[in-house]
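Trainee: Residue strings, one per chain:
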Amino acid sequence: MKKTNILWSIVVIFAIILAFSPITILFLLSLNDSPALPLKNFPTTKWYEALFQFPGAMESIVNSLMVAGVTTLVAVVLGICGGYALVRTRFVGKSFFTGLLLMPMVVPYIIMGISLLSFLLRLGMEPSLITIIIGHILLAIPYATLVLTSRFIGFNISLEEAAMDLGADRLTTFRKITLPLIMPGIITAAILSFIISWEDVAMAVLLAGSQQTAPVFMFSLVTKLPKFVPILTAMSTIMFAFAIVLAILMRKAERFSIS
Amino acid sequence: MKIDVELKNVTKKYGEIVAVDDVSFAVERGQFFSLLGPSGCGKTTTLRMISGFETPTEGEIFIEGKPMTNVPPFKRPTNLVFQNLALFPHMNVFDNIAFGLRIKKVPENEIQKRVKEMLELVRLPGYEKRKISQLSGGEKQRIAIVRALVNRPAVLLLDEPLGPLDLKLREEMIVELKRIKREVGTTFIYVTHDQGEALTMSDKIVVMNKGKVVQIGTPMEIYEKPKSKFVADFIGGTNFFEGKYTDGAVEVDGLGKISIESGAHVSKKTLLLSVKPEKICIGKKLKKVDNIFDGKVTESFYQGRAITYKVLLENDSLITVVAPSYGMERVFGIGEKVKVGWNKEDARVIT
Chain D
1 MKKTNILWSI VVIFAIILAF SPITILFLLS LNDSPALPLK NFPTTKWYEA
51 LFQFPGAMES IVNSLMVAGV TTLVAVVLGI CGGYALVRTR FVGKSFFTGL
101 LLMPMVVPYI IMGISLLSFL LRLGMEPSLI TIIIGHILLA IPYATLVLTS
151 RFIGFNISLE EAAMDLGADR LTTFRKITLP LIMPGIITAA ILSFIISWED
201 VAMAVLLAGS QQTAPVFMFS LVTKLPKFVP ILTAMSTIMF AFAIVLAILM
251 RKAERFSIS
Chain Y
1 MKIDVELKNV TKKYGEIVAV DDVSFAVERG QFFSLLGPSG CGKTTTLRMI
51 SGFETPTEGE IFIEGKPMTN VPPFKRPTNL VFQNLALFPH MNVFDNIAFG
101 LRIKKVPENE IQKRVKEMLE LVRLPGYEKR KISQLSGGEK QRIAIVRALV
151 NRPAVLLLDE PLGPLDLKLR EEMIVELKRI KREVGTTFIY VTHDQGEALT
201 MSDKIVVMNK GKVVQIGTPM EIYEKPKSKF VADFIGGTNF FEGKYTDGAV
251 EVDGLGKISI ESGAHVSKKT LLLSVKPEKI CIGKKLKKVD NIFDGKVTES
301 FYQGRAITYK VLLENDSLIT VVAPSYGMER VFGIGEKVKV GWNKEDARVI
351 T
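Sequence order for the protein chains is D and Y. Counting from 1, position 249 in the first sequence corresponds to residue 249 in our numbering; the numbering is continuous, with no gaps. Counting from 1, position 276 in the second sequence corresponds to residue 276 in our numbering; the numbering is continuous, with no gaps.
Source of the hints: derived by calculation from the structure; they are not laboratory data. Predicted model, so just to flag it, every value in this text is computed and none were measured. Be aware that one or more of the hints could be misleading.
In silico DSS-like cross-links for lysine-lysine, where the CA-CA straight-line distance does not exceed 30 Å [claimed, not checked]: (1) Lys176/D <-> Lys244/Y; (2) Lys113/Y <-> Lys176/D; (3) Lys176/D <-> Lys129/Y; (4) Lys129/Y <-> Lys252/D; (5) Lys94/D <-> Lys13/Y.
Please model the complete structure; the sequences and the hints are all you need to start from.
Mentor: As structure tokens, this is what we get:
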């Protein structure tokens, strides 16, 4: 018994080291004087200072925040509608549409991006942040819908009926009963949608106009101006911190909404 | 007497399936009214039509004299206690009970007062801040009942709320429900498949089968004077005998004559008799009983308060006898020869 416990601990610790070592090294390098290990003059903020002054860097992070924010909002709303429709209603071709809805999960992003680009160009839309948002919504919808579908499957419809029986109309019932009870699903869907948008390069590279998202900015910096790569360690750390803080906040909100 | 709920020729069809078939009945104010029947008999659908969650395909529903057929549930003067209780898990006891009052914009101090009254009614004072997940089965039942009652509905509808409780708790809740009913005086419509619950609590029972009303009456009428084979068998189980009528008795093939109470029966007509298991006495010798037959015990179940026997009669029919354990000499063993008998007024003519 004791032996297996130790063995499992070793496995878990190994997995954690494996998962976190690149990020840890990145974090250390972002505060390091030289662009490679060993540590020299540690810690220093020189890469962060360089980053803040680098044209387009901060702007791309702001763009990313905006794109991810709008994507999250739209994907969650559509996910609620989709989950509700798939669980609560009956319509012709439901299983076919369910399959179709989940398609973007298996199609490579780059292929989705190329087809969306040619489609949007044909419609006469110029590549911009809006086209990136459209692309990201497309990527996020299947995940948001899946999460909320499972939430609706576990939902006891009697609770809504009880509210209506006690005098609440449909809207009040949705606000006071349905929404609070699917909140954990909404939060999970929101985290997923945000992260999908936040980390995407493939789609954003194809759909970006003059305004870039942070991953696209980083990608172009690597390919075009290799000598500035060290500032990317600082930028990556900031991006990572954003994602972590967001995830923690949402988990907190989730726990708060359940209790 | 004032009529609180009235159904006139109500039919509910789901496609080709007829769930409720031409049902009519009237519930008087202040009555404890039960809809009793086996699962799938249409009793829950009937209740859901009264509460507004289903719309009748044909017919009309009146509550307090007003037509309600197309009024949505949130505008009806009824409140429903759900089968699965449907307490809101994200709210505490107080917020659950106050839900209906807050929707109706009742002033907060009035809400405080009424919730407190309700918790006292079900003997759970001080439970305001409890979470639903902290309540026991019986406590949840009580909260679900007062969450509906606090709105002072014209009619309280209950959909098999005692189903998931264990036997002892169920018996406690039956006593509790009768007390609550007595204290608030509201009209109750209670749906159940449990004839024991219906008989114990009701002023009036509607027995339903296959979507139709088969009998309406007081618990005693339903039990003692069943009008159909179904009611006789469904309520408490029974023993059937079939034979031709000849002056004051029914001649059963292979068994002999069963004397019955005199009535306007046509001679030579085939009659169906029902004899309830507890109306039959069993013993080695029987005296002062109108009908006595020989039999052989094939099964015996000791159940504490009573003993149930299966007895094979000479015409090869198997009857059920429930003998009280009071004054019992001993439990008859399997294969033992016994006499069974009943008085003529206990042989009820069904058809």
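Trainee: Work down the list of hints and note, for each, if the structure agrees.
Mentor: We went through each hint and held it up to the structure:
{"no.": "1", "hint": "Lys176/D <-> Lys244/Y", "result": "66 Å, violated"}
{"no.": "2", "hint": "Lys113/Y <-> Lys176/D", "result": "23 Å, holds"}
{"no.": "3", "hint": "Lys176/D <-> Lys129/Y", "result": "19 Å, holds"}
{"no.": "4", "hint": "Lys129/Y <-> Lys252/D", "result": "23 Å, holds"}
{"no.": "5", "hint": "Lys94/D <-> Lys13/Y", "result": "25 Å, holds"}
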